[in-house]
Amino acid sequence: MKTLLQSFFGKLSISLILVLAAQSLSAQVTYTDSVCAGSTDVVYGVTGAAATSHYSWFLNDPTAGTIDSTVSANNGTIEIDWGVVAGTYTLYVVESDQYGCYSDTNSLNIVINPLPTVAIQADSVCEGFSASLTFTLTGTAPWIIDYTDGSTNFTDTANATPYVVSLPNYNTSQTVTVTGLTDANGCAADPSGLPNTPVIIHPKPSTGAIYHY
Numbered sequence: 036m037k038t039l040l041q042s043f044f045g046k047l048s049i050s051l052i053l054v055l056a057a058q059s060l061s062a063q064v065t066y067t068d069s070v071c072a073g074s075t076d077v078v079y080g081v082t083g084a085a086a087t088s089h090y091s092w093f094l095n096d097p098t099a100g101t102i103d104s105t106v107s108a109n110n111g112t113i114e115i116d117w118g119v120v121a122g123t124y125t126l127y128v129v130e131s132d133q134y135g136c137y138s139d140t141n142s143l144n145i146v147i148n149p150l151p152t153v154a155i156q157a158d159s160v161c162e163g164f165s166a167s168l169t170f171t172l173t174g175t176a177p178w179i180i181d182y183t184d185g186s187t188n189f190t191d192t193a194n195a196t197p198y199v200v201s202l203p204n205y206n207t208s209q210t211v212t213v214t215g216l217t218d219a220n221g222c223a224a225d226p227s228g229l230p231n232t233p234v235i236i237h238p239k240p241s242t243g244a245i246y247h248y
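Residues 36 to 248 in this note's numbering are what the sequence shown spells out, letter by letter.
Be a bit skeptical, because a hint or two may be false.
[Unchecked claim] Using C-beta positions, here's what the derived DEER-type ranges look like:
#1 N231 <-> A176: 52 to 62 Å
#2 N194 <-> A223: 12 to 22 Å
#3 T67 <-> Q156: 36 to 46 Å
#4 V78 <-> Y137: 47 to 57 Å
#5 A108 <-> F189: 49 to 59 Å
#6 V129 <-> T105: 11 to 21 Å
#7 Q156 <-> V129: 47 to 57 Å
#8 V78 <-> E162: 53 to 63 Å
#9 C161 <-> V199: 37 to 47 Å
It should be emphasised that the hints constitute simulated quantities derived from the structure, not laboratory data. Ideal Cβ placement from N, Cα and C applies to all residues, glycine included.
Using the sequences and the accompanying hints, generate a full structural model.
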């Protein structure tokens with residue numbers, strides 16, 4: 036039931052926005068957002084947050100992330116440490132003013148994108164031939180792949196998976212290591228999960244001289 040004061044002042048109206056740490060609360064309104072799994076200290080706020088009001092925030096699934104409401108005195112700004120389970124979640128906020136009146140609930144749908152992953156496998160070849168290196172990727176195309184053979188660094192853009200490249204002609208066996216992976220969502224692979232693989236180069240046999248009995 037509305038209070039007389041609420042009828043007098045009208046419904047409070049707030050617009051929920053994503054506020055990047057470097058932005059002010061005058062950023063444009065948005066009702067959708069996406070983050071990478073495991074993102075931390077992501078800042079959210081409301082436009083024109085009133086100093087005399089208090090803001091209550093909650094998620095439709097509490098396991099989606101952890102809300103830190105100690106960022107501002109009246110909770111007009113919060114930070115969220117997002118979890119690692121991909122999916123679509125909803126962030127809600129309600130304003131209560133100095134007269135004890137409550138706003139309608141505003142919401143922001145947030146998609147948690149999974150971190151990309153990569154597996155690699157190289158051919159074993161004879162000396163003088165180029166080995167093929169195959170990347171098997173998850174996430175959203177295209178991907179930016181950084182990898183190295185220990186002496187040369189490579190950066191490739193993969194538009195599909197699997198992605199196959201030809202390595203240089205090595206004289207001896209090498210190890211190729213993926214050093215970075217980012218997908219189209221701007222999500223980066225967990226560095227601890229980046230793989231390496233041996234590139235086996237079989238030396239040419241050394242054939243003896245021809246002789247005559």
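Cross-check of the supplied hints:
For N231 and A176, the hinted distance range of 52 to 62 Å is not satisfied, since their beta carbons lie about 23 Å from each other. A hinted range of 12 to 22 Å for the beta carbons of N194 and A223 is consistent with their spacing of about 18 Å. Distance hint for T67 and Q156: a CB-CB separation of about 38 Å, consistent with the stated range 36 to 46 Å. Between V78 and Y137 the Cβ separation comes to about 24 Å, which falls outside the hinted range of 47 to 57 Å.
For the hinted restraint 49 to 59 Å between A108 and F189, the CB-CB distance of approximately 50 Å keeps it satisfied. Between V129 and T105, the C-beta spacing of about 18 Å keeps the proposed range 11 to 21 Å intact. In this structure, Q156 and V129 meet the distance hint of 47 to 57 Å, their C-beta atoms being roughly 52 Å apart. Checking the proposed 53 to 63 Å range against V78 and E162 shows it holds: the Cβ atoms sit about 56 Å from each other.
Remark: the range hint 37 to 47 Å for C161 to V199 is contradicted by a beta-carbon distance near 19 Å.
Consistency with the previously given hints fails for numbers 1, 4, 9, ordered from lowest to highest.
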